[in-house]
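Keeping their order, the protein sequence lines are chains A and B. Going letter by letter, the first sequence gives residues 1 to 138 in our numbering. Going letter by letter, the second sequence gives residues 1 to 625 in our numbering.
Hints may be right or wrong, so weigh each one.
Listed below are the simulated PhoX-like cross-link pairs for lysine-lysine, each with C-alpha atoms no more than 20 angstroms apart in a straight line [stated by the list, open to error]:
1) B:Lys151 / A:Lys26
2) B:Lys38 / A:Lys89
3) B:Lys151 / B:Lys38
A short, non-exhaustive set of chain A residues, derived as facing chain B with CB atoms under 10 angstroms [claimed, not checked]:
4) Pro29
5) Glu30
6) Pro81
7) Pro93
8) Glu100
FRET-style restraints, in silico, Cβ to Cβ [claimed, not checked]:
9) A:Arg118 / B:Asp72: 52 to 62 angstroms
10) A:Asp67 / B:Gln277: 52 to 62 angstroms
11) B:Glu367 / A:Asp67: 17 to 27 angstroms
12) A:Met1 / B:Arg538: 48 to 58 angstroms
13) B:Ala391 / A:Tyr27: 21 to 31 angstroms
14) A:Arg62 / B:Lys363: 42 to 52 angstroms
15) A:Asp67 / B:Arg131: 21 to 31 angstroms
16) B:Lys449 / A:Pro93: 26 to 36 angstroms
17) B:Gly130 / A:Met1: 45 to 55 angstroms
18) B:Ile494 / A:Lys89: 50 to 60 angstroms
19) A:Cys28 / B:Pro484: 51 to 61 angstroms
20) B:Val171 / A:Lys89: 25 to 35 angstroms
These aren't lab readings, by the way, just hints derived from the structure by calculation. All C-beta atoms, glycine included, are put in the ideal place defined by N, C-alpha and C.
Here's the letter readout for the chains.
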Amino acid sequence: MHYNLKVRRAYNTDPVSCAECLNCVKYCPEHAVDVRTYSDFAPLGARVGVIRDTKKNMIYWRIVFRDGTVHDFASPIRTTPWGSARSAKDIPPRTDLESELLALEDKPEYLGFPELPRPKQLVRIVGSPLKQTAGGGR
Amino acid sequence: MSLPNPPTKIVETDILVVGGGMAGCGAVFEAKYWCGGKCKVTLVDKAKVEKSGAVGMGLSACNLGVFTTDPDDPKPEDFVYYVRNDFLGIVREDLVYDIARHMTSTIKLFDEWGLPIWRDPKTGKYMRTGRWQHPIHGESYKAIIAEACYKSADEVYERVAVTHPLMDERVPNRIAGVVGFHVRDGTFYVFKAKAVIVAAGGTSLLYRPRSVGEGMGRTWYPTWASGSALAIPILAGAEATSLEFRLIVVRFKDAYGPVGFPYLLLKMRSTDVKGKQWEPLPDEAKAELSKIFFDYAWAKPTPTPIRTWVTVTNLKQGRGPDIMQTQERLPDHESLHVLFEDYLDMTPTQAFYWAANNIHPEKTPSELLPTEPYIQASHASPGAMWASGPADIAPPEYKWGPNRMLTVEGLFGAGDTVGGSGHKFSSGSFTEGRIAGKSAVRYVLTQAKDYKPTVSSDTIERYKEIVYRPLVWYHMNKPLTTTPETPHTNWYEIHPNYLNWHQLLLRLQKIMDEYVAGWGMFYVTNEYLLNRAVELLRMLEEDFRFAAAASYHELLRVWEVYHRLLVGQGVTVSMLHRKESRGYYFNADYPYIDETNWHVFVNARRDPKTGQWSVRTVPLIHILP
C-alpha cells in the first residue's frame, strides 16, 4: 500500500503481488480499505468486512455471498494483553552456553523430558533402509 | 524521479539475522538470551516484522507441537520416521530429530505470550488435529511472536531488502555481512557481522502459478517468499541440497486454501469426479502405487509426494479434478463456522472464493488441484541449503562446524534455509531459529571472538553500483521509448534496451514451467528439456544487465526475481544430476525410484566468481534403525 499525496488516499501499488493477506484492511484505523477478490477467478458481488479489535482481542468478520447469504464470524486473536510478552531479556540468565539446552529448557516442564532426548539406539545406515530396493519399479 | 544518489548507512553488529519471519524471530530471541550484554543482535527484514513472513497472514495450527514423556504425546523418533517416509527417504535425520526435541519449550513460550492454542476441555492438554499439530486461533500468531522478537533484538531494521552477501577480503570462504537497500527511502545499507543467520523466505512464483493475471499473487506460499533463504547463501558460495525435491501441494483450486483441517479435524474425504474415493487412499490403490514407490506407498500416513501424484494422475487421466466432499461432514452451523474461521484466520481468499462463487460448503463440494512447485524446507520438501548438524547426534560427515552453520564460515541458516529437513512449519522454524541462534552466540563468543570483518570501501561502492544499476539503467534509457511513464509497472511496455521485473519474472516462470517439470507439463521433464533450461536460464541471467526499475519498489522486485532465478538454476542442475524420479516430478528418461543407486543427497554449488554450478552426490546416512 502506498499513499497518494494528491488525493490523500492509500492504494495498492502492485496488485499482481498481492496475496490477499488483508493486513491493510485489518490495520486501517478508518476501516476505509475496500477489497474484492482476484478477477482471475472470482465473480463480482461478494463482500467482506473485518474488524480486528486489539482491546477485546477478537476479530469479527462479515462475509456476504454473491447470492446475498450473510455469515458473521468472531474469533479470539490473543489470550494476553498486547505488550505483555516476555522477551529474552526477561528470562533469568544461565551460563551453560556449551550445552544443547535452549532458554528455559533447564526446567523439565519446558523441555517435556527429564533431560534432553537422544535416540535410544543411534545407528548408521548408509543408503536405503527399505527391504525392497530393486530399481526400475515402474 | 531523477537519477538516484542514495546515502550509505553502515551497521556493525555481532549477530545479524536476515529475515524476521518465524525462524528469524526464533533466532533473535534465543541469540539475545545467550548474548546477554556480551554481544549485539540485529534483525533486518524487507517488510514490517509484526506481519511479515509466511505467517504474516495468520495460521490455523502450530503444525509441529509438543513432544513429551506423556504417553499420548509423540516422541522425537516417531517424527523422524514420519519425515523419512514423507521425503521418500531423502532426509537429514539429525536435523529433524534436533527440532523435535526442542519443540515443547517453543510451544510453551507461544502459549505464555498469548497465542490462543486450543485445549481439550476434559484433559486441559493442547488439542491435536493430527499426530503432530495443535489447532490455534492464529490471526495474530505472527504479531504475538513479533512482539517478543522486537523486545529481544538490540536493533531492528525494517523495510530493508537484503540483496547480496558480503564476503571477507582477508579470510577465504568467510561471510562478513550483507548489503541491501531501504525499499521506501532508498538508503543503501551495509551490515557487517561476526555471524549471519539467514532466515529469509523460501521460493514462490519461480514456476508459473495457476492464475497469471491479477491473481498471480494468490500462490500457496506467499509472494513475498522470493527464495532469498536460498539465494543469499548461494551467492556466498554455500552448498545447497535436494533442490530437485520441490514441493507441490494439493490445495483447494485457485484460492489455494490448505486441506489439513478438512481432512484431519473434520474427517472429510475426497473423490474423483466419478465419485471414487482417493483420500483416505484405499489399500488397492496403495498396492498399485507400491509398483512405483515401493514400501513408501504403504507408509502411514501416505507420503505427500505420493498423494500429490494420485491427484496429478487423476487429472491427467481425465478423472480429475479431485473433489473435497465438504457437504458430507458439515452437519451443523458449528462445523461450518469451524471451517470458515479456519480459512479467515489463515487464507481469507478461500472464504471469499466460496462467497464469490456461491459455493456453500455445507451443500456443495469443492475442487482440489495441485499447485505449481515451490522450493523451501519448512513444509513437505527438503530443498534448501546444506547445514552442519548437532554435535551430539549428527554423523561425522554431517558435522564440519557449529550446529546449523552452512558450508561458508560464519554463515548460519534456519527455517526455509536449512535443507535435508522439513515439516518444521511455523513452530518448528521458530525452534530451528532458536537452535541456530544459540549456536551462533557460542561461535561468536568463542571461535570467532577475535574476528573483525574486512570489507574495503571499494567493495561497498561496487555493490552499491550493482544494486542500483536497474534504477540507473531505467533513467538512462527511458527517453528511448514513446510509451508514456505510468505510476505502476507497465507490464506491456515495449522497450529495446530494458526489461522490467514483471517481464523478467514471466520469462523465468515460462522456462521453469515448460522445461523443469511445472504444472503445464504435468510435472514431467527429461534430459533434453533440462539441458535446454540450463541454456535459457543462463541467457536470462545475462539479461539482468538490462533489468530496469522505475522506483525503489520495482528495484525490490528486480532483486527478488534475481533470487528466484538463482534457485531455478540450482533446481535444474540438481534434477539433471539425479538419474531417477524421486520427489514431486517425473524425469521421463528415468521414470522410477532407484533405491539401490540414488538413495543419496544431490548437492549443488554455484561458484561465486564464475557463476558456474557444480553438482555432487553425497551419501545419505540414517541415524535411526
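Exercise. Kindly indicate which numbered hints from before are broken by the structure, ordering the numbers from low to high.
Key: Hints 1, 4, 5, 9, 10, 12, 13, 14, 15, 16, 17, 19 not satisfied by this model.
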